[in-house]
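Just so you know, the sequences run in chain order X and U.
The first sequence begins at 1 in the numbering used here and counts up by one.
The second sequence begins at 1 in the numbering used here and counts up by one.
Simulated from the structure, these hints should not be mistaken for laboratory data.
Just so you know, not all the hints are guaranteed correct.
Said to hold, decoys possible - In silico DSS-like cross-links for lysine-lysine, where the CA-CA straight-line distance does not exceed 25 Å:
{"#": "1", "chain 1": "X", "residue 1": "433", "chain 2": "U", "residue 2": "38"}
{"#": "2", "chain 1": "U", "residue 1": "75", "chain 2": "X", "residue 2": "320"}
{"#": "3", "chain 1": "X", "residue 1": "331", "chain 2": "U", "residue 2": "16"}
{"#": "4", "chain 1": "X", "residue 1": "408", "chain 2": "X", "residue 2": "322"}
{"#": "5", "chain 1": "U", "residue 1": "75", "chain 2": "X", "residue 2": "322"}
{"#": "6", "chain 1": "U", "residue 1": "6", "chain 2": "X", "residue 2": "331"}
{"#": "7", "chain 1": "U", "residue 1": "16", "chain 2": "U", "residue 2": "5"}
{"#": "8", "chain 1": "X", "residue 1": "408", "chain 2": "U", "residue 2": "5"}
{"#": "9", "chain 1": "U", "residue 1": "77", "chain 2": "X", "residue 2": "496"}
{"#": "10", "chain 1": "X", "residue 1": "320", "chain 2": "U", "residue 2": "5"}
{"#": "11", "chain 1": "X", "residue 1": "535", "chain 2": "X", "residue 2": "572"}
{"#": "12", "chain 1": "U", "residue 1": "75", "chain 2": "X", "residue 2": "139"}
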Amino acid sequence: MNNVCIPPAFIFIIGAFLIPFLSGKARSTYVVLLPVAGFINLISIPMGTLMTVPFLDYTLTLVRIDRLSLAFGYIFHIISFITLIYILHVKKNLEYVAGFIYAGAALGTIFAGDLFTFFVFWETLTVGSVMLIWARGTKASASAGYRYLMIHVTGGLSLLAGIVMTVMNTGSIEFGFIGLTDAASWFIFMGIGVNCAWPFLHTWLTDAYPEATIGGTVFLSAFTTKTAIYALARAYPGTELLIWIGVGMAAFPIFFAVIENDLRRVLAYSLVNQVGFMVVGIGIGSELAINGAVAHAFNDILFKGLLFMSMGAVMYRTGKIKATDLGGLYKSMPWTAAFCIVGAASISAFPFFSGFVSKSMVMSAAGNHHMIAVWLVLLFASAGVFHHAGIKIPFFAFFGHDAGHRVKEAPTHMLIAMGLAAFLCIFNGTFYKPLYSILPYAATYEPYTLSHIVSQTELLFYSALAFTLLLLSGIYPAEMRAINIDFDWFYRKPLKAVERFFARVFNGINSYCDLVFVKTLTTQINGFATNATVKLTNSLLSPLLRANAKKSVDENPTSPKQGMQRDIDVEKAFSTSTSPIGIFAACAGLMIVVFYFFA
Amino acid sequence: MKNEKKHIFDNPKNVKRLLAIFFTSVIILFIMDFFVPKHAHFPWENWPVFYAIFGFVACVLLVLVSRYILRPLVKRKEDYYE
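Kindly produce the complete structure, drawing on both the sequences and the hints.
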């Protein structure tokens, strides 16, 4: 079947290249309308569409619309629209262009029906995202972006290796269920895992996201990890290993988040934590669990975007993002504070906020399969996420100790963007049916039972009680001006030491060779070549010269230096080619003899 | 800052009020839990106030582990990587 349509990715990517031709109001209108145009195009493409294009000996599937890809397609358009409103204060074109290419690449990846198209867009994703990091223009963002690029390129190579092996083995480039079987599938698995921020592979996220631009981080939080979630849901549903990877992701970042000072980095850790829930859902692989993973991805894009937007607004107004520099901002930025609390309540899964209707699906799926350890860790992570993202973020930024910032409320366009995201967070949490209706499988789950509401509220309120009591008693770790090392330490310190070691060894060899061959030997050869003839001539003529000198000393005993003068005369005569013909001929003859023996 | 308008939490009374509301709701939830029938996946979910105790203990553990184990291991000066 070949249904022709406009691939959603093309609208964004081609549209991005027109941005530099516009400026001012026209550009603002254009960038906000582009996602709307994309969305209208998306809903006009019928379900089940497969748009194929012949390419060499293969058939590429540029667009595949099914329930799984469409759910991600909707939310990617929605968050692009919101984020573009949010960044309207940005003057430079770079962020808009990079943002659209990045979002377009994400759309291309999720709608790709074959491995080639998938890979090309997957790599474009890296290019777009690294631009959003570099656009910040600081030294920290430059080096974090470089590390980000290195890791993603490595992940991309793993993916490429897996794809090439798969195509060699099966002859088919179709992108569907893969499952962990052979080496090829492992390469693809690990390649996706890098983008999914699995434990030990997650450091690019917590390292680079807080270094991106204010709007860039909002873009970044939406696409890379969620595209990886889509890819896992497509290719590896029901892979048991994913359950344990997800459990690790949900658990460990919350400890780091509690002691982290940079509030955007706290959110980056909680992003890994939330993606952990989705990975567990995909690992369980039941219809309920996959639905939960997709629904949670949908909601997470909104509430994590909202939280990053609120922190971005704080950063935009105060220029600070560290908890130690902030506090008391509810006085000057009440709307931003309110939106931040909505995001915090959503990520914490309070009843009537979006996390409540999606996270619980994954929890229920784990319960249905009687996975005791998984369920307990996820419950622990649910309490923990409330602690660091739900309370810590709003408390340290907007309440707590008043840092004395008296700034203006966030700009209107930022408030509109945050308001839209906040509205959707509450809407999805309260009227969950529309969200459930777009999930990959028919959703029969009922989140609003009295038992669920009471138990979840209890969990959260007693977590809050723990926070309050710990804070009042002074046990709660004070925010400190410090950084916390993570697994990136391994490539930022020892690897640097290795680099320094090799630099020392090889630069040492280099400078030694320079000394021996360039500075010493060359000079000597040069000197020899220049002076050899004159020296030879001098030594051959020395009896004659000496005799001459003796004669002149005898003739003129007052100037004994005259003999010496003769020596210099010969050298001078040579250097100016004014030696007497006899000497010259003798030298030429001598050289011929030398050549005769040595050549 | 003298002329600045008083904000809601500048008044310690309001902070106390908020805390009072919070502690009351915590107690109400505690009592409510005994009367709500649970659909449980695991037997311990039927224990009274399981979620309350779990939430409280989990967060205390989280904070203690982060502060006394993780922070001494990973804390570095801000210019550590520079």
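Evaluated hints:
no.	hint	verdict
1	433(X) x 38(U)	23 Å, holds
2	75(U) x 320(X)	21 Å, holds
3	331(X) x 16(U)	18 Å, holds
4	408(X) x 322(X)	19 Å, holds
5	75(U) x 322(X)	15 Å, holds
6	6(U) x 331(X)	9 Å, holds
7	16(U) x 5(U)	20 Å, holds
8	408(X) x 5(U)	15 Å, holds
9	77(U) x 496(X)	18 Å, holds
10	320(X) x 5(U)	24 Å, holds
11	535(X) x 572(X)	12 Å, holds
12	75(U) x 139(X)	22 Å, holds
Every hint from the earlier list agrees with this structure, and none is contradicted.
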